Structures are given as C-alpha cells and as structure tokens.
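Quick note: the sequence shown uses my numbering, first residue 5, plus one each step.
Fair warning: there could be bad hints in the mix.
Stated by the list, open to error - Pair ranges (Cβ atoms, derived):
no., residue 1, residue 2, range
1, D76, A29, 17 to 27 angstroms
2, E79, R30, 35 to 45 angstroms
3, V106, E47, 39 to 49 angstroms
4, E22, F51, 19 to 29 angstroms
Simulated from the structure, these hints should not be mistaken for laboratory data. Only a predicted model underlies this, so the values are computations on that prediction, with no experimental measurement involved. All C-beta atoms, glycine included, are put in the ideal place defined by N, C-alpha and C.
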Amino acid sequence: FNPMLLFRGDSIINGLIETETNPIARMGMKLVGPKLFREFPYEELYFLERAKRIRDRVGCQLVYIGGASTLDSLETLMSEGFDFVQMGRSLIKDPEFVNNAVQDQSYENGCIHCNRCAGMIEAPGGVRCPLNDEAHARRKLDGLGDGGCCGEGHKRVHHVIVLFRQFSAAAPWRDPGQRNVRVLGRP
C-alpha cells in the first residue's frame, strides 16, 4: 500500500519531516511514516503501460501523468497518442525547463526524484526544490553571488502549468527538424 503512488523515487517522508514544525507531529511521522510512505524506484514513464490501456478504452483527450521529465519522454508520449502531458517535479526543479530544453535538445534538469519538494506543499512561500536551495546557499557561501547557481530554479514555485500538445507533422508551419512538442500555455 502506498498512499502516494505518484511519488516514485525516495519516500516523501523525509521531506515531510524536514518541513514539519510541530515536534510531536514530527516524532509521529518518524515512527509511522516509513510504514506509510515506502520508496518505489523512479523510472521514466512509469505509468505508460497502464495509461495506454486506459487510452485504448476511452474516446476522449487524455493527459498523461507519471514520470515524464525529458524531451525524449515527451516525444514518446506524443507518438503514443497522448494529447497532453503533466509535469511536476521537473518543473519544480527548474521552472524554466521548457525554455532550457528548447535551447538544448540534450538538456537534463537535474531532478533526482528525492521528493523532498513534496513535503513543502503547504510551506510558507510555496513549493520549491531543496536541492536548488542548497546550491544557492553554497554559491552565496563561496562568495559567488545570488544569480546563476541554478537558473531560476532557486525561486519558489506556487503554480506552474505547462501543457504539451501533439501537433501533426503535416502542419505547414512546422519545421521538420523541430521536435513534435509545443508549449500551449502557462499562467
């Protein structure tokens, strides 16, 4: 049983304990949390086979959720017939993921799926990647200033919605050398 099945990778309990301010609740999480929140290895597109079974049975547009954090994964999902792709931790690690990936086809944003960001869901200031916080703090300690340590990733993310949409290869505006993924919107 895993109440947080979407959080593949490290257990979310470490992030929950890190952000809990109540010492009694923190102690309870340390005792009970490991039994509730297990670790499941992360792999790209971890729900793909299940999602394809659903796609084959319904006649509507679908949003794929579950381990899409590279451009290759987005391309795979589009070629498999999914209409949209939801991204979570990759955008928390790097809110500029889309711009960075468009500029560099081999871009990897560095999310290690530690799930520490999940513990910040109700944190003051919003969800952010603790790895970016640590890189930012190291950069400041080394006297290298505030900018550039992790792009814009050290900023906290309140809500990021990026929709990827499959487009027809026959579209007259599409450059054949471009990837078959486009950003539709962002608030």
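Checklist entry - Which of the listed hints are not met by the structure? => result 1 and 3
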